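There are 2 protein chains.
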Amino acid sequence: MEPILVLMAPGFEEIELTAPVDILRRLGVPVVLAGVQGLQVEGAHGLTMMADVLLSEVQVGAYSGVVLPGGAASWLLRDTPVVLDVVREMHAAGRLVAAICAAPIALEAAGVLSGRTVTCYPAEAVTSDIRSAADISTAPTVTDGNIVTGRGPGAALEFGFALGEYLGKDVASLRQEMCCC
Amino acid sequence: MEPILVLMAPGFEEIELTAPVDILRRLGVPVVLAGVQGLQVEGAHGLTMMADVLLSEVQVGAYSGVVLPGGAASWLLRDTPVVLDVVREMHAAGRLVAAICAAPIALEAAGVLSGRTVTCYPAEAVTSDIRSAADISTAPTVTDGNIVTGRGPGAALEFGFALGEYLGKDVASLRQEMCCC
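Which chain is which? The protein sequence lines are A and B, in order. When we follow this note's numbering, the leftmost residue of the first sequence carries the number 3, and every step to the right adds one. When we follow this note's numbering, the leftmost residue of the second sequence carries the number 3, and every step to the right adds one.
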C-alpha cells in the first residue's frame, strides 16, 4: 500500500505522534514523516525528532492518508495553507484523514468535517472552533467514514489502533503483542 | 530536584521512551536524554530522536534516577559497561532505577534486582535472563523500593505515571488532563 503521511510541526505532542507511527509500522503500514517547517522538529515537551521529508516536497497522490498529531502544533497546522491543501486533497480522494487532540481544528479549517462526528480535546479550547461537525464526542476515538479522530495523549495508543482498524489490519494480535490487554 | 536521566540507545522502543519523558516533564520533573552511542538515535520503528548529552559525559551524582526504555536497545544496554556502571551507582545511592519491557535485563546484569519483584516483557526472551529477582509479575508496572519496572509498550503511559508517583507528584490530575480516564 501507499504510505501514510504524518505531519510534524513544532510543538507536536510527542505521544500523539509516536504512538500511531509505532503502531502503524508494527502493522506493516509504511509511514512517512513530513516536516511542516523543517526536518528537525521539537515537540511540545522538548523531545526533538527527525522528519523524513519536507511537506513542501510531498506529492499528496502518493499517500494513502494523512495523520495530524496534536499539541501546540495544532494551531500552527490550522494556520498553514499547505497543510489545509493536503487535507483537502486527501479528503477529496476519499482517503484517510486523521487528527488527535486539538488537531481536528485543522480539519475544520480545511472544511472536511461537515456533518461528521469527531472527538477532540481540550473541549474549552477546541470545540468552539469546530462548528461544522454534526457531533463532538468524548469517546477516546471516533471513526466516521474516512475521518478518524482521537481525544488526547492518553488515547494515543487507541488512536493508533483505530487507524490500523480503518486500514484493515489485525489490530487484536498487536494489542496482545504490545501488552495492551 | 535533580533531573532524571533517560538512556537512549539504538533500537529503543519509541513509545517506551516518549511516554515517560512526556509525563515526567508534564509533572515538572526535569529530564535529560543521554545518548549511549551518539546524539542522534534511531528507535526500533524508525523514529529518530535527539539526545541532550552523551552518556560518556554524564556525572551520575547530578541525577535523581535513571530510566531505561526497552525494545531492541535492551540487549545493547545490557552489554554496555558504562550503562551498568550508571545503574549500579544510582542504585548504590538509593536513587530511582527504572526499566520497561526487555530493559530489566540490563538491571539484572548490573546486579540490582536481587530479591526484588519486577515486571518485564516478552516473557520468553527476558525472564530466563532475570534470575536474581524474587518474583516476575505480569502487572503493567511494579514499584519495589527504588526499582520501578513496566511491562511493555502498552504499559508505557502507566510506567510514566508510576515514575511520577514514586517521585511524589500529583499523577491523578495529570491522568485527567491527558484523557487517561
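In case anyone wonders, no lab produced these hints; they're calculated from the structure. No experiment lies behind these values; they were computed from the predicted model shown. For each residue, glycine too, the CB sits at the ideal point set by N, CA and C. Among the hints, a few may not be true.
Stated by the list, open to error - Listed next, with one range per pair, are the computed distances between beta-carbon atoms: (1) 64(A) to 175(B): 39 to 45 Å; (2) 129(B) to 48(A): 31 to 37 Å; (3) 66(A) to 172(B): 38 to 44 Å; (4) 4(B) to 41(A): 30 to 36 Å; (5) 136(A) to 39(B): 48 to 54 Å; (6) 174(A) to 55(B): 38 to 44 Å; (7) 64(B) to 4(A): 45 to 51 Å; (8) 56(A) to 64(B): 35 to 41 Å; (9) 136(A) to 179(B): 42 to 48 Å; (10) 113(A) to 130(B): 52 to 58 Å; (11) 32(A) to 145(B): 45 to 51 Å; (12) 136(B) to 124(A): 42 to 48 Å; (13) 130(B) to 55(A): 39 to 45 Å.
Unchecked claim - Take a look, some chain B residues computed to stay more than 10 Å from chain A by CB distance: (14) 20; (15) 64; (16) 84; (17) 90; (18) 95; (19) 119; (20) 145; (21) 147; (22) 154; (23) 173.
Handout entry: residue 56(A) versus residue 64(B) beta-carbon gap, inside 35 to 41 Å or not
Key = Because 38 Å falls inside the window, the suggested range holds.
Problem - Verdict on residue 20(B) as a residue remote from chain A, using beta-carbon distances over 10 Å - result: 4 Å, violated
Problem - Outcome of range test on Cβ distance (residue 136(A), residue 179(B); 42 to 48 Å) - result: 27 Å, violated
Practice task
Can you let me know if the beta-carbon spacing of residue 66(A) and residue 172(B) is within 38 to 44 Å?
Solution key: Distance hint for residue 66(A), residue 172(B) holds at roughly 41 Å.
Handout entry: Range hint compliance [Cβ, residue 4(B) to residue 41(A), 30 to 36 Å]
Key = Roughly 33 Å apart at Cβ, these two residues keep to the hinted range, so it holds.
Practice task
Would you check whether the claim that residue 145(B) is not at the interface survives, using Cβ distances to chain A and the 10 Å cut-off?
Solution key: Holds, because the least Cβ-Cβ distance between residue 145(B) and chain A comes to about 17 Å, which exceeds 10 Å.
Practice task
Given the range 52 to 58 Å, decide if the beta-carbon distance of residue 113(A) to residue 130(B) lies inside it.
Solution key: Because 56 Å falls inside the window, the suggested range holds.
Handout entry: Outcome for the supplied range 48 to 54 Å, where the beta carbon pair is residue 136(A) and residue 39(B)
Key = Cβ of residue 136(A) to Cβ of residue 39(B): about 51 Å, so the range 48 to 54 Å holds.
Exercise for the section: Beyond 10 Å from every chain A Cβ: check whether that's true for residue 84(B). Expected result: 23 Å, holds
Handout entry: Hint check for residue 55(B) and residue 174(A) - Cβ pair distance inside 38 to 44 Å
Key = 41 Å, holds
Practice task
Given the range 45 to 51 Å, decide if the beta-carbon distance of residue 32(A) to residue 145(B) lies inside it.
Solution key: 38 Å, violated
Practice task
May I ask you to check that residue 173(B) keeps its beta-carbon over 10 Å from the closest beta-carbon of chain A?
Solution key: 12 Å, holds
Violated hints, listed in ascending order, are 9, 11, 14 and 22; each of the other numbered hints is respected by the structure.
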